[in-house]
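Asker: Starting from the known structure of chain W, arrange chain R on it as the hints suggest.
There are 2 protein chains.
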Amino acid sequence: MKMLIKNANVISMDQKREKYEENVDILINNNIIEKIGKNIQVESDVKIIDATGKIVMPGLINTHAHISMSIFRETLDGYGLQQWLEEKIWPMEDKLTNEDIYYATYLSCIEMIKTGCTTINDMYFMTDDIIKATTETGVRIQTTRTLMSNNPEERLEDLKRLIDKYKNNELVSFNAGIHGLYTTNEDDTKKFIEFAKENNLLAHIHFCENSKEVEDIKKDYNVNSPVDVLKKYFTEIPTILAHAVKLTKKEIEELATLKNISVSHCPVSNLKLGCGVAKIQEMVEQNINVTLGTDGQGSGSNLDMFETMKFTALLQKGINENPKDLPAYEVIKMATINGAKALGLEKNIGSIEEGKCADIIIVNLDTSVTKPINNIFADIVYNAKGTNVETTIINGKIVMENRMINCLNEGEIYDKCEKIIKRITM
Amino acid sequence: MKMLIKNANVISMDQKREKYEENVDILINNNIIEKIGKNIQVESDVKIIDATGKIVMPGLINTHAHISMSIFRETLDGYGLQQWLEEKIWPMEDKLTNEDIYYATYLSCIEMIKTGCTTINDMYFMTDDIIKATTETGVRIQTTRTLMSNNPEERLEDLKRLIDKYKNNELVSFNAGIHGLYTTNEDDTKKFIEFAKENNLLAHIHFCENSKEVEDIKKDYNVNSPVDVLKKYFTEIPTILAHAVKLTKKEIEELATLKNISVSHCPVSNLKLGCGVAKIQEMVEQNINVTLGTDGQGSGSNLDMFETMKFTALLQKGINENPKDLPAYEVIKMATINGAKALGLEKNIGSIEEGKCADIIIVNLDTSVTKPINNIFADIVYNAKGTNVETTIINGKIVMENRMINCLNEGEIYDKCEKIIKRITM
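For the protein sequence lines, the chains are W and R, in the order given. Anchor point for the first sequence: position 323 equals 323 in the numbering used here, and the numbering is continuous, going up by one each time. Anchor point for the second sequence: position 164 equals 164 in the numbering used here, and the numbering is continuous, going up by one each time.
Worth flagging that the hints you see were computed from the coordinates, not collected in a lab. Here a beta-carbon is modelled for each residue, glycine too, at the ideal position from N, C-alpha and C. Some hints here could point you the wrong way.
Listed next, the stretches of chain R that the computed footprint assigns to chain W, with coverage defined by at least 3 CB atoms under 8 Å from CB atoms of chain W [to be verified]:
id: 1; region: 41-47
id: 2; region: 110-116
id: 3; region: 315-326
id: 4; region: 369-378
Isolated chain W (complex conformation):
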């Protein structure tokens, strides 16, 4: 199956350059970008998508979330973190069934497709049901069986089973998702890292989200800094640190000496939970690979990566009192190619290049909130919203065209999710 995107204004960045090219055609053959060029001629049976005047860019990559938490949206307002977890989230999570996880994930898949996110790095439980929903809707996922010191062996066995079960699913990959150093003891951390090395997996871990966590890690691992634990155990495998809010300038400098560390910056969740603002500008200056995440909707509200780009760009400028911090193209890199690199998928996704998978979104900037266009990168970061995404293509398949999505009835999914939350709050 071939498909041609005509007259695209393409934004696509690799690690070394920013790129914007007008009026090019993109030929897709099955799931692969076969050719990019001017006036590509094709047979009459090739599906044509006219992108005249539109922005075409790589699908956005969300490097940290818990997408089955869609149903917990806005349960946090007025609560402190611990109180919210103990009184609201944990009792509700205890009641979730496999079917609940499927529908809650399905809702998130619709949300992602409609806001231009094509790849998600997820960490939750009932992973089979999560994968069922992402595969049916066509969303690319990297996931795990969450690893922690509560039945560690069973969790490793299950992760092994998952890896084997989905080894032929092109949209699914796995990492060693270690919940956190404060929920995994030192012996188990060693075990999990060993497993990751043996299975050629990268690690994904909550890291220094808030002050209490930092204190817990120092005590449990008997270190002066949480970064010391990374230096001891995480040097041989690529690792994604979710949050990394509570790091000093010095700790960031040490972090930068480690190879293969990426940070998943989740600004909205970090603000909402009262954690603070990660020092992203310093990380960029230290050449740490910064990527973007939304976190689960329980704390992050939604999965809109455009909004996450905007918060990222603005927070650093405001907090550092420097409007020159984080130019827009730097933030677009975080949401695309940097994310791909963090997930070990940079050969397949993250930019629009011949030979890569066709994970592509088409964005309409012809609205009263985006016009006139004085700086295309800045308009994407500051004015485009998820709702500006018209068409979403994942692995060569059109999963949304002109805002119409191919899946179960959206209204039915909303109703299912309303019913789940009502039942589990009873």
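Answerer: Structure of chain R alone, referenced to chain W:
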């Protein structure tokens, strides 16, 4: 002309309570909300708007902007404030014609109507052309001839002329818009305040936006704190302070002792210009009337008040590291009734009450980003976007229905604005 909004789920707050009521009808007679109640019966010729399942709330009130700056959207990226003004904005502003101002304002009116903002407090120049655009599109405006120590007498004369010219325009009111203490000397400040008192106007002034401004005021007015100037001259007229970023906790306490002071918090602009984050939580604790603004699009990017609500709610939580700061309903008050109070219009707008003007928006929360609804106030603040607004009514007139807007062709307006910015950057 009568109109009935059926089955509305109404959010409306006055200063003392939060209010959410389901399935009520709102009868509008000409420009006034005549009756709110269950199952209101009307004649067959009354226009019916079915709001079943939708949120109906007061039109949002933007208390600080420069809406003719729409055309400067995203010219700031990568610049410092002073460099941006000197190299980009001022040379472009010098070239603006009356027609340019009309079209640039027109673009902003479309933007406001489409994002549910029904009242704008503006400060710019060529005020007649601004009013022409707001009146034609049906947007409510409070405006001024900007007052400063550059031809002060001429400016006062012009403001007098404007007040007289538009005294019968129900959508237009005026204030004494003093640009700033750093652009107005002490004698002129006294003159402007005297004028405001005589003409029964409130004052609107840029105040403590950044550190340099604070230092300039201290020097120019020979005071220890900019608040001292307010204590000396601004005690007898209600005053809106735009920004108020650089105030210490002690200065906020002093500010709270003054009567009739409102703050227009512009979080997005403050971040983007590298000014910082205003201490809004402290102001709320001191019972200062906090309202919300977007600032002009040159720094604020857009006029989406939903986004401004979200930034407001999240920034205080994150910066103060307290997720209990600013519950969602508090932020909705800022964007509605508090704004009306600041503009001296609380008898007419800011809430949905019998006898008030019908400035009403209908919001559709039936989307993948807002469902399920666990907390209606939080869903409005964190997940609704300007694009969720379906219908906008201002002063009893439907200016947008089901996203269709009654005005000049939108595409033509975009083209006009693209041409303006191209011409003035040549």
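Asker: Confirm or reject each hint.
Answerer: Hints, one by one, checked against the model:
A count of 0 residues in the region 41-47 of chain R with a Cβ less than 8 Å from any Cβ of chain W is obtained; the coverage claim is therefore unmet, three being the minimum. Counting residues of the region 110-116 of chain R whose beta carbon lies closer than 8 Å to any beta carbon of chain W gives 4, which meets the minimum of three for the stated coverage. Given a C-beta distance limit of less than 8 Å, the hint that chain W covers the region 315-326 of chain R holds, as 10 residues qualify and 3 suffice. For a cut-off of 8 Å, the count of residues in the region 369-378 of chain R with a CB near a CB of chain W stands at 9, and the three-residue condition holds.
When held up to the earlier numbered hints, the structure conflicts with hint 1 and nothing else.
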